[in-house]
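> Single-letter residue listing:
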Amino acid sequence: MDINQLKRIIEGMLLAAGQPIAVERIQQLFHIDERPVRSDIMDALTQIRQECADRGFELIEVASGYRFQIRQELSPWISRLWEEKPQKYSRALLETLALIAYQQPITRGEIEQVRGVAVSTSIIKTLLEREWVRVVGHREVPGRPAIYATTHKFLDYFNLMSLDQLPTLAEIRELSDENLRLDLENTKVNESSEELETESVSLDSSEGQKLEEREPEND
Amino acid sequence: MDINQLKRIIEGMLLAAGQPIAVERIQQLFHIDERPVRSDIMDALTQIRQECADRGFELIEVASGYRFQIRQELSPWISRLWEEKPQKYSRALLETLALIAYQQPITRGEIEQVRGVAVSTSIIKTLLEREWVRVVGHREVPGRPAIYATTHKFLDYFNLMSLDQLPTLAEIRELSDENLRLDLENTKVNESSEELETESVSLDSSEGQKLEEREPEND
Amino acid sequence: MLTEQNKIVLNETSQPHSSSAVQAELLAKVPDDLYIPPDALEVILDTFEGPLDLLLYLIRRKNLDILDIPVAQITVQYIQYIEVMQNFRFDLAGEYLVMAAMLAEIKSRMLIPRENEVEDEEDPRAELVRRLQEYERFKQAAQDIDDLPRMSRDTFTVSAEPPEMERQKPLPEVDLREVLLALADVIVRADKFAHHHIQLEPLSTREKMTHILIRLSEIEGGFLPFVSLFKIEEGRLGVVVSFLALLELIKDSLVEIVQTEDEGHIHVKARSGATAALVSFESDMRTSGPTVTESVDQGLLF
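Residue numbers (our numbering), protein chains in the order written: chain A, 1 to 219; chain B, 220 to 438; chain C, 439 to 740.
One thing to keep in mind: the hints can contain errors.
Computed cross-link-like contacts, DSS-like style, restricted to lysine-lysine with a CA-CA straight-line distance of at most 30 Å [to be verified]:
| hint | chain 1 | residue 1 | chain 2 | residue 2 |
| --- | --- | --- | --- | --- |
| 1 | C | K545 | C | K500 |
| 2 | C | K669 | A | K153 |
| 3 | B | K344 | B | K226 |
| 4 | A | K7 | B | K226 |
| 5 | B | K344 | B | K307 |
| 6 | C | K630 | A | K88 |
| 7 | A | K85 | B | K372 |
| 8 | B | K344 | B | K304 |
Honestly, the hints are just simulated from the structure, not real lab data.
Chain A with its partners taken away, still in its complex shape (with noise of 0.2 Å):
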């Protein structure tokens, strides 16, 4: 068998098997009368390993034998092939959120006063891991809870420069009314809810004009 028939069924062998291949069972996968001496695996498996420089895998010896491995260096576009889809924050801390945005300094208990109800500990943590919210004090009362206050981080999420850039208490209002009747028209048309998303992220393009129309107000 010449050795180009030999890499190819070789490298089908390696590939096809999903898992490293000894060189004595690879030798046995031929019949016995076309059985390859070891050196010329050898070889061959010197020659895959040469002509795959500059490719997307390479050929590596591990304990059990060879196998082909997809390249260190690609793993970031790798690794999105099992990306899970990132799940949605909860109304609940989108709520606790905007409170500590707007009510700032303010402690869970507040929070959950205006709420209504109370404010799980998971919330507070993933907001304080996403960076988006800080301790800036405890208050000084039975319990010495935290005072919570929002982060830089959380300003450039947004993309905004300041607290100030956020929408007026009034223009809340009115976004909510705009919202409902939005909600209404959907449920008519009935559209799919990744529509409606869409629908969302259109309209806030507008929000950004709102915020500059409101800016001299501020001042």
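Go by the hints and put chains B and C onto chain A.
Quick look at chains B and C alone, frame taken from chain A:
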């Protein structure tokens, strides 16, 4: 991103996925700020295909996208990797599958009408479990029988890009004096053309042999 | 599930459908030889996918044109087969008998002399021929599909070990609009609950309050000179906002003003002390449940 890096990444993706990937999905696996345009991906795929020309595997396109697969001529060696022989399918199953593939959407009753025998539930179950066929609706007649159609997985499994690529169905000849006369004259020509058609669809070279073996049955 | 499927397939694959040579040989013997081993017959019956298949076999074996079947001859043979099968008490599918009846009927109709060749009179065999052809084309199609290059038989999927990867869970994306809508909801709820409307203070004051607390928390000792809270660059408005923020913090009991000697420097001091502010949120975890303080009602909402 230069074409070589693009090629390496796509190559890595295809090897890691272990199943066909659509061009759109390949695109999405790149971050938005480095996402290649479709034509670049197509160029990369073409180059990858060419570079594999002399290797043990090839890049092919099936219904759900592109995949690497072992060259058919290597199957005698590769199949030795596994103890079990490749699964064979009964004629009953294949006939049922053929009817669904060619006559879809179709009900079980309609399949039975053509085959002249009952279709066993286990066959339908096997086809559904393999995800080669799926229920696409129910016919609005008494009993509301399920309507079956084939899936992308069916096409992928049989190396097809679309149903168009299925081998051509034989013609039905009408029973009339005219046809009868024509038929007697053309018997030989007809037969050979039929054979040619089948052969042109199956790329496998060993296919021709099989056909010949099968011929006595048809004579 | 899997084992059941395997079993089914096993049963089905035991049919020698793929080797037509064997099939033909076996079948050719049956009607002639009277002795047929029972298991051989089972194989034979299994070989046929129903009456149409059997009929097709009989036609093809005699090299007959499907469009010109000698019904009488075929019927005899067909019934022979059925009888052999019945003799061995085979659980013969009803379809085989229906076909026998159909053949007999066609035969009898063929025997009636066609007196006047009416043009539209159909050949009694027409329906049968159509069905035979229809069946045959799918029998062929099944064979064609079987011959297609197929995964795990003619070709195999290819895979390589993926590189080491950090399986990062992507963080959810949030639209500012979602945050605002959430706030709008809270406000509507709180309005109903509290009988009076929430008023949000200017955010600049809120932000400044946070800045002062952060500065205090970062200074050792938690003391800041009063004057350091104000910056000329901020302009008059900025100074006013800073002052309002400071008043708000005092009202909330978050900071206090300290003057150690008459006419001495005024300092701002965090009520909770400097180090406390840096304590991780862990301590907050322990204080679960609403901690309502007096300052809430004054400073926060109304």
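> Now tell me, hint by hint, if it's right for this structure.
For each hint, the structure was consulted:
1. C:K545 / C:K500: holds (18 Å)
2. C:K669 / A:K153: Distance of about 24 Å is within 30 Å: holds.
3. B:K344 / B:K226: Violated - the C-alpha atoms of K226 of chain B and K344 of chain B are around 41 Å apart, more than 30 Å.
4. A:K7 / B:K226: holds (22 Å)
5. B:K344 / B:K307: holds (16 Å)
6. C:K630 / A:K88: holds (28 Å)
7. A:K85 / B:K372: Given that 30 Å is the threshold and the Cα spacing comes to 24 Å, the pair holds.
8. B:K344 / B:K304: holds (22 Å)
Comparing the model with each numbered hint stated earlier shows that hint 3 is the single one that does not hold.
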